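Asks: Sequence:
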Amino acid sequence: MSEQRGDNQQGRFNGDTRVLYRQAVRTPLPDEDAERMFYENMMNVADAQEQKADMLEDPNISLLEAYERQLEGIAKSYKRRLKSIAGGEYETIALQHFNGDRDDRVSRLSAYYYEGLWRMQQRITVTDMMFFPVIIRYPDSFTVNIRFASGYTTTESVLYESPEHSDEDVEDEYFDRYYNESLYEQKEAAAKIRAWADVIREEFCDPDEASFDERKYGGIVSGGGRKGSVFSSVLQRVDPDPDRFDEPVSKTTLVPEGEEARRTEHELLPEESLVI
Numbered sequence: 043m044s045e046q047r048g049d050n051q052q053g054r055f056n057g058d059t060r061v062l063y064r065q066a067v068r069t070p071l072p073d074e075d076a077e078r079m080f081y082e083n084m085m086n087v088a089d090a091q092e093q094k095a096d097m098l099e100d101p102n103i104s105l106l107e108a109y110e111r112q113l114e115g116i117a118k119s120y121k122r123r124l125k126s127i128a129g130g131e132y133e134t135i136a137l138q139h140f141n142g143d144r145d146d147r148v149s150r151l152s153a154y155y156y157e158g159l160w161r162m163q164q165r166i167t168v169t170d171m172m173f174f175p176v177i178i179r180y181p182d183s184f185t186v187n188i189r190f191a192s193g194y195t196t197t198e199s200v201l202y203e204s205p206e207h208s209d210e211d212v213e214d215e216y217f218d219r220y221y222n223e224s225l226y227e228q229k230e231a232a233a234k235i236r237a238w239a240d241v242i243r244e245e246f247c248d249p250d251e252a253s254f255d256e257r258k259y260g261g262i263v264s265g266g267g268r269k270g271s272v273f274s275s276v277l278q279r280v281d282p283d284p285d286r287f288d289e290p291v292s293k294t295t296l297v298p299e300g301e302e303a304r305r306t307e308h309e310l311l312p313e314e315s316l317v318i
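Read in order, the letters of the sequence shown correspond to residues 43 to 318 in my numbering.
Simulated from the structure, these hints should not be mistaken for lab results. All values reported here derive from a predicted model rather than from experimental measurement. Some clues are possibly wrong.
[Claimed, not checked] Think about it this way: if two alpha-carbon atoms lie no more than 27 Å apart in a straight line, the pair counts; the simulated DSSO-like pairs of lysine-lysine are:
1) Lys229 - Lys269
2) Lys118 - Lys234
3) Lys293 - Lys125
4) Lys293 - Lys121
5) Lys234 - Lys269
6) Lys258 - Lys293
7) Lys269 - Lys118
8) Lys125 - Lys269
Throw the hints in and build the complete structure from the sequences for me.
Replies: This is how it looks when you write it as structure tokens:
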């Protein structure tokens, strides 16, 4: 696996794949206030799926614009998380970790989210790199695996095309048909993506309405990528492993990935895919 390091002296960052590889962030849920915050964040994820579906159904919004808006929304959530962990100096703290000047819980978490943020921003211009996160709820905590995979699609992804970004030379007499077929693909994809919002709401229940037994487990895996004019999306339920953790957690910390992450990788990615 290739690795690149941050460069503090030149104020430049080129990524470091090691901070994400086979790791997740585990965050405690000590009380109902914490559960409500987690629930609200997941409802924002569900709302974002519906907003993406709305944009796909709107012929006046390009697929690239919808794709970029989704990535920008995720990037904003990462920045909020970074600030909550390390304050306004999160970039400095993350780079100190990348450069070997600091190695503690806060710097490791900052580096993890900063790497995810950096790769998220790269995806706006780089194709053939798929965002492939996993979110799992356990009785006393939740985990987030920030993952990126080579390629642009999974074995279960829905595909849809953007005529505006196609390199193919379609003759005028066929362009209207090609354009209309692309719009049809987008509407079909929008219907599936809108249904995925309901999956998220079913997996992560409202702590003010659902009993603890109903809400203590839940999980999703999602994936989104692009190759040229073709875009892909997927979202599925994930069954949490009830035996993953033996001990409770009191502070947000990095943990090794769970069996759930490995399972989604084997079930959804082509054999030749690389995951970071």
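Asks: So, for every hint listed, does it hold in this structure?
Replies: Going down the list of hints, with the structure as the test:
For the proposed pair lysine 229 and lysine 269, the alpha carbon gap of about 19 Å is at most 27 Å, so the pair holds. Straight-line distance between C-alpha atoms of lysine 118 and lysine 234 comes to about 25 Å, which keeps the hinted pair within the 27 Å bound. Restraint check: the Cα-Cα separation between lysine 293 and lysine 125 comes to about 16 Å, which is no more than 27 Å; the hinted pair holds. Taking the CA atoms of lysine 293 and lysine 121, the gap is near 19 Å; set against the 27 Å cutoff, the hint holds.
For a cut-off of 27 Å, the pair hint linking lysine 234 to lysine 269 stands: about 20 Å separates their Cα positions. Between lysine 258 and lysine 293 the alpha-carbon distance is near 19 Å, which keeps this suggested pair within the 27 Å criterion. Straight-line distance between C-alpha atoms of lysine 269 and lysine 118 comes to about 24 Å, which keeps the hinted pair within the 27 Å bound. Restraint check for lysine 125 and lysine 269: the C-alpha separation of about 32 Å exceeds 27 Å, so the hint is violated.
Of the hints listed earlier, the one the structure fails to meet is number 8.
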